[in-house]
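Taking the hints as your guide, dock the two standalone chains into a single complex.
Sequences listed follow chains R and E, in order. Residue 183, in our numbering, is where the first sequence stops; the numbers in between run on with no holes. Residue 676, in our numbering, is where the second sequence stops; the numbers in between run on with no holes.
Honestly, I wouldn't trust all of these hints.
What the hints assert, rightly or not - Listed below are several chain E residues computed to face chain R (Cβ distance under 8 Å; list not exhaustive):
#1 Pro174
#2 Ser175
#3 Gly312
#4 Gly314
#5 Ala428
Since the hints were derived computationally from the structure, they do not count as laboratory data. We put the CB at the ideal spot given by N, CA and C, even for glycine.
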Amino acid sequence: MAETSPVPPAADARRSFLAKLMAVVGGGIASLTPVAAGVWMTLDPLRRKSSAAAFLPITDIASVPDDGVPRQFPVIADRTDAWTGFAAEPIGAVYLRREADSDTVEAFSATCPHAGCFIELDKRDRCFRCPCHNSSFTLDGGIVSPSPSPRTMDTLECEVHDGRVRVKWENFYSGIAEKVARP
Amino acid sequence: MSDASSPRRGLVTRLADFFDDRTGYRALVHEALYERVPGGARWRYVWGSTLVFAFMTQVITGLVLWSSYSASAQTAWESVYYIQHEMTGGWLVRGLHHVMAQAMVVLLALHLMQVVIDGAYRAPREVNFWLGLILMKLVLGMALTGYLLPWDQKGYWATRVATNLAGLVPLVGPSLQQLVVGGPDYGHHTLTRFFALHAGFLPGTLIAFLAIHLALFRKHGLCAKQPQTKPDSMFWPDQVLKDVVAMLAVLAVVMGVILLPAVRAMLEGRPVVPGELGAELGAPADPSQPYAAARPEWYFLFLFQFLKVFEGWGADGEFLGAIVVPGAVLGMMFLMPFLGRWKLGHRFNVLFTLAILVGAGLLTAMALREDYAAAWSDKEAFADVEQLIEETENDPEKIAAALGNDTARIAEFRERVHQLDAIRRSEAFFAAVEQAEVDAHRAIELAGRPERIPPGGALELIRTDPLSQGPLLFAQHCGSCHAHVDPAAPEAAEAVAVSSAANLYGFGSAAWARGLLDPNQVVSPAYFGNTAHAEGDMVSYVTDDMTDADTWTAEQIEAVAVALAADAAVFSDEPLDAAVVEQGRALMADEDRCGSCHHAGENETDLGAAPDLVGWGSREWLIGIISDPNHERFYPDTNDRMPSFGVAEEGGVAPLSSEQIALLANWLRGEWYRGE
Numbered sequence: 001m002a003e004t005s006p007v008p009p010a011a012d013a014r015r016s017f018l019a020k021l022m023a024v025v026g027g028g029i030a031s032l033t034p035v036a037a038g039v040w041m042t043l044d045p046l047r048r049k050s051s052a053a054a055f056l057p058i059t060d061i062a063s064v065p066d067d068g069v070p071r072q073f074p075v076i077a078d079r080t081d082a083w084t085g086f087a088a089e090p091i092g093a094v095y096l097r098r099e100a101d102s103d104t105v106e107a108f109s110a111t112c113p114h115a116g117c118f119i120e121l122d123k124r125d126r127c128f129r130c131p132c133h134n135s136s137f138t139l140d141g142g143i144v145s146p147s148p149s150p151r152t153m154d155t156l157e158c159e160v161h162d163g164r165v166r167v168k169w170e171n172f173y174s175g176i177a178e179k180v181a182r183p
Numbered sequence: 001m002s003d004a005s006s007p008r009r010g011l012v013t014r015l016a017d018f019f020d021d022r023t024g025y026r027a028l029v030h031e032a033l034y035e036r037v038p039g040g041a042r043w044r045y046v047w048g049s050t051l052v053f054a055f056m057t058q059v060i061t062g063l064v065l066w067s068s069y070s071a072s073a074q075t076a077w078e079s080v081y082y083i084q085h086e087m088t089g090g091w092l093v094r095g096l097h098h099v100m101a102q103a104m105v106v107l108l109a110l111h112l113m114q115v116v117i118d119g120a121y122r123a124p125r126e127v128n129f130w131l132g133l134i135l136m137k138l139v140l141g142m143a144l145t146g147y148l149l150p151w152d153q154k155g156y157w158a159t160r161v162a163t164n165l166a167g168l169v170p171l172v173g174p175s176l177q178q179l180v181v182g183g184p185d186y187g188h189h190t191l192t193r194f195f196a197l198h199a200g201f202l203p204g205t206l207i208a209f210l211a212i213h214l215a216l217f218r219k220h221g222l223c224a225k226q227p228q229t230k231p232d233s234m235f236w237p238d239q240v241l242k243d244v245v246a247m248l249a250v251l252a253v254v255m256g257v258i259l260l261p262a263v264r265a266m267l268e269g270r271p272v273v274p275g276e277l278g279a280e281l282g283a284p285a286d287p288s289q290p291y292a293a294a295r296p297e298w299y300f301l302f303l304f305q306f307l308k309v310f311e312g313w314g315a316d317g318e319f320l321g322a323i324v325v326p327g328a329v330l331g332m333m334f335l336m337p338f339l340g341r342w343k344l345g346h347r348f349n350v351l352f353t354l355a356i357l358v359g360a361g362l363l364t365a366m367a368l369r370e371d372y373a374a375a376w377s378d379k380e381a382f383a384d385v386e387q388l389i390e391e392t393e394n395d396p397e398k399i400a401a402a403l404g405n406d407t408a409r410i411a412e413f414r415e416r417v418h419q420l421d422a423i424r425r426s427e428a429f430f431a432a433v434e435q436a437e438v439d440a441h442r443a444i445e446l447a448g449r450p451e452r453i454p455p456g457g458a459l460e461l462i463r464t465d466p467l468s469q470g471p472l473l474f475a476q477h478c479g480s481c482h483a484h485v486d487p488a489a490p491e492a493a494e495a496v497a498v499s500s501a502a503n504l505y506g507f508g509s510a511a512w513a514r515g516l517l518d519p520n521q522v523v524s525p526a527y528f529g530n531t532a533h534a535e536g537d538m539v540s541y542v543t544d545d546m547t548d549a550d551t552w553t554a555e556q557i558e559a560v561a562v563a564l565a566a567d568a569a570v571f572s573d574e575p576l577d578a579a580v581v582e583q584g585r586a587l588m589a590d591e592d593r594c595g596s597c598h599h600a601g602e603n604e605t606d607l608g609a610a611p612d613l614v615g616w617g618s619r620e621w622l623i624g625i626i627s628d629p630n631h632e633r634f635y636p637d638t639n640d641r642m643p644s645f646g647v648a649e650e651g652g653v654a655p656l657s658s659e660q661i662a663l664l665a666n667w668l669r670g671e672w673y674r675g676e
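The shape of chain E in the complex, shown without the other chains (with noise of 0.2 Å):
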């Protein structure tokens, strides 16, 4: 301490004795710093501390983040998505806070295990081993509903079972729910209530806990690991030192999560995007549109698990293993304090904990095991399964008797079914996170365009992409009859085989007419072999009239596919000369030859008996067939079964909207936005 009468103090110091003589603060420095720690200063010791750092972290990167993030149902998404890929170090700050949190449970696991060990929960510490549980409580409750507020597919998904579990506690649940959700169904102020339990209540509660854990803490001093082998040392620097070293433990640890796949992407030379390092944004949330890879995030995934350990216990299964067996283990976690005052009762508390804590290692395991499983099972020894299923229709009386009816056979068979359906549902969910992956990857692509996300939010730019629902309006509505597959696929040849109607993958390029106009291919199924037109007067054409080199050159077919094509102009790398164009097109209107049926160029055929050829495969002639194929453009006395889509039956809705056909047309053509 200086002297105070000094006449030669520095600034510093006398700026420091002027706060010190009116607050009071060397004292409260030295009191926190200086806290004796029996036995000397351990790694064991190192857990809280690292915790408080964690929390620390979470509070810095998260106030960051508040500052840019929008908490609504049409900007929610949108703001996280511009935190991500276009602020300056907002994937640094985003993925601190993501992978941080994850560290924190970790930690907690870790902090409660120390504490637990050492039977730091007996007299006198009993309310602060209870004010740690709570402390869990809150950084468990702060990670659920975080995952919502990026309010992406994932996190929508996995919110929606978490409160719907929250529905089953007794007498209350449903009022809970829809407290919690803020109203019947997933909104704005599911958002603004989770982001208000996130950002507000959730940790300024844990603030004001953590202040008494702490003071408590300090009150009791520290629990000390027996038998003491060292003297005792201070709090400062010796145990700051190797809590420090701690927390630069942890901080590398989370730095190096975020920054592998950067580090990979180096080695392989690939470059590296910011945006994809860090947390992961899925595709904007979608209520009408299913999310088969929908996973709580990892350190829950036991508790999900869980759930399925009680199949075919019906609504008694899901209500012990949501509410009554997690709460039973917190109550007995409650009760720790007590039964430690035996010896055998601590035994058993290191026991339990252990128990638990392997318990939801085991339970983390089954979950991975099972969404992985077809990455290392063999599919192809259940073939045979396979194909007895798909014989009998999964139809149990023809399988027995398939079987001759042996019930050994069957039981075996059963087994089998059994392993099959496990690997079909990982497989499903591969296929799902893929899918996800390219869902995803759009909406950022779209949320990317120069002329940024419209007000009604990026799920509006992906209702209206072709790209991300023409394959679902296809599905749904043309995929029963047509293909639509790269016939230079692995699975084409089974797709197009199984298909009652044209493939119409690349449909309005040169390649397809090309097909069109071969006379194997047509009669394939990948036009028309499949469809009533087989017998057809096109089919013939091609198969007779146009395998005849004196009336057809290769050349000149050659000029009416290219022809085709140009008419189309659907999206193509192919250069089209304008000469084989020109050639082409009079050949198509010649009365003699195409434009004996088709209405093509400035021929006099009328419409009715073939296709028009004017502006075939262009945008609106796709539009005109997806409508009504019964037009007379198109096939007014020939259409096989395609139903007029765009016509509505009097008092009715048609089947699909003009948006929705165009959507379709577009896709089909190949027309859709595409980034860098």
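Excised from the complex, chain R in its bound form (with noise of 0.2 Å):
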């Protein structure tokens, strides 16, 4: 290959500089257009908000023993995944304990606040275990050390009507030492 590369002339610097111009900020339009609108559509997740954070009813009371032994309930409600919606669907688990001869009801969340696992309740040891990294919780939620969580299992809002058991639903981030609900 013997071709040498060609240099503009002096004269036509000014020229030459314009049309470096237009054609960096024309292609830079031109390829940023879709970008653009592609990050756009990508970010759409962000202004989603979660259902969850109303008043479900759970259960009975009578249902909720009284013996200090928290007990279990799907959480049942109506749920929208992007365009399909699931009418009266099991979007989770809530743990619900009452003391002996108590009206008050204590609702616990079922999902670890260290990585989100799923809690299970140990009846022969009387605690919580999680059996993803081994965090462990009394059965009031406190932790039991040495424990990888960064804070007691997370409690609901929970309202006791004319014997109805009713918690406020809530996603909490996990990982963090303060319970903060997800938007």
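Structural data, given as structure tokens:
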């Protein structure tokens, strides 16, 4: 190959600069437009709000044993997943707990505050256990040390009206010391 | 080269010349193949080529899988089920893709090790080393995103953990997590996004970086191992031959992993089921069902275990374990080319890389050791610890008192509790894995029904399956009083003894009815022993009247048991003699016998004194008693403690829906889909 690279004559420098500028700007607009549109659409999930944070009926108070041992209840609610709507589907689980002769019910999220696994109840040892990274919690949700969990089990707002137990269903960010609800 | 002017050129040569004139491909091929290999071809240079081979395998099998995969919450598991269990060769393509992905991670580690040991990251190859690290991240990213795509319980729960950890990234974490998950909850868009990453963005980026990686590799030439003891040779065919042998070895290992279970089955004389070869498919993802066997793929186990290292560190520990330390290690690796300029720095790099690999290996071993502890621990040695915990209900003060408040003994006890805990966790893991296998098998069995999977997806199949839902509903609503355990099982005696209502295993069968009419059994905890009915008319009738051989012969009692089973008509292998059934029905209706209390057959006995024997144990009868045991057909006055599961209090909801009650009734009766 014996070609020499074409160097523009000095007289053309100004015209050449304009051409370069226009090429860069035009090319930039042409290529960045689909990128910008794509980024815009990709960010869509950020404006989606969880259907959570509503009071949902869980059970009757009579179904919550009054011996201080929590019991797991499914959380049933309508749910949408993008374009699909589900009517009355199990969307998660809560543990409800009641002390002897008490009318107040405590509610715990079954989601581990460490990394989000599903906490199980160990009735024999009277404690909660997470099967993933060995976090254990006492029956009232406290941490059993040493634990990888940064905080106690997440309590959920719970109200009892006319014997019906309703729980404010929320999800919380995992892995941080504070209990912060997801939007 | 053939002479272009020769009139005797063959057609192929002329065609090749035509294209070479217009593309210059011969020079390209020549350049690609006739690369000088300083010091001759060596086995240690094969790792990069095996990685390219592994990646090409992933591209080919991935494209084929793509053509049959459907990314949505109602179709992902279903389409993977179809690929794995129904499509010709689906198990092989998916198996190759799955196992080759694991091989690729191993090959990456080997390639990295070889590059670091040979100092191939030093000038002028720094940029190519960094490209290699980026390629490694991309491969691991594809492994992570691919794990979710079957949308089974394993992938779903592992991904929840992984994306929750992504949320820990400072400042942008929560937004990053929501972007990756495709919204606040896991669903369609988690799958579509992971799929776009897995099959589009990540491999596309990888191909671009790989092209630069290979171009730079050729630009700088091979970083030859010193001292060079042999003369230089050419890439083609010397090194290519070694590369091909290595590729075949990788392929042989991958095929071996896929086919080993088939060979084992053949040796044991079992039939080979192709769908069970290659990659496994768990039960469909279900956010409402816990999955205690949740573990990442083995090559990420070290990261999983690493999170446990920071026990007791609180939120800082998780941030350190998931973000800071892995980030620092990777940052360190990016700095290796600079450190490697000094001889000592190079030694440090080699040691550092070895330490990372050995550390990861140790963490993996620790994770496995924890999960499988029960397999090699002697739990019997901890019987006294278990007993003390049980006696004291795990109350620290009572335990201290039992140990005489001796601090040394308490400390020793604590240590042993810790060991026992580890064994129990491992046992729970074993149980969870076993349950996961049962669930997976059932889901696949249901999906293979002639009716196929409904539009709502496989989860709908499982949620309407008595065999899957019965045990869950029973444990939640019935199991606090009733037992449900095969009397022949080793754990039966204990389970029945602690129950406070009848053992409902086999309820409605002739065997169950025989026990009810047996004076020894009816007073046992398996029937009415632990209920208020222990003092009731039925128990006294069975223990007094029915033991009188003048009123009830053994043959008559057997006839009643058989007639009860005939009315219940539960799933059973036991053939019932029609004549005996007729005899039993007559005895039941007889107003001097069962009919004195029970409404049965066409007798005139009023309902209310004892449960209705018309259709006893039938589906309709069971639904009735679960819904409302206080109904006049059952125990209007003598109901012990059983709640009315189908009755809503004013303004409330019933504890169980009619669908759930029907599921329970069907499960108790053994009515569910049975595969072949």
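Outcome of the hint check:
1. Interface restraint check for proline 174 (chain E): the shortest CB-CB distance to chain R comes to about 6 Å, inside 8 Å, so the restraint holds.
2. Taking 8 Å as the C-beta contact cut-off toward chain R, the hint placing serine 175 (chain E) at the interface holds, the least distance being around 6 Å.
3. Evaluation of the glycine 312 (chain E) hint against chain R yields a held restraint, the C-beta minimum of about 3 Å falling below 8 Å.
4. Given the 8 Å rule on beta carbons, the hint for glycine 314 (chain E) holds: about 5 Å separates it from the nearest Cβ of chain R.
5. Checking alanine 428 (chain E) against chain R: minimum C-beta separation of about 6 Å stays under 8 Å; hint holds.
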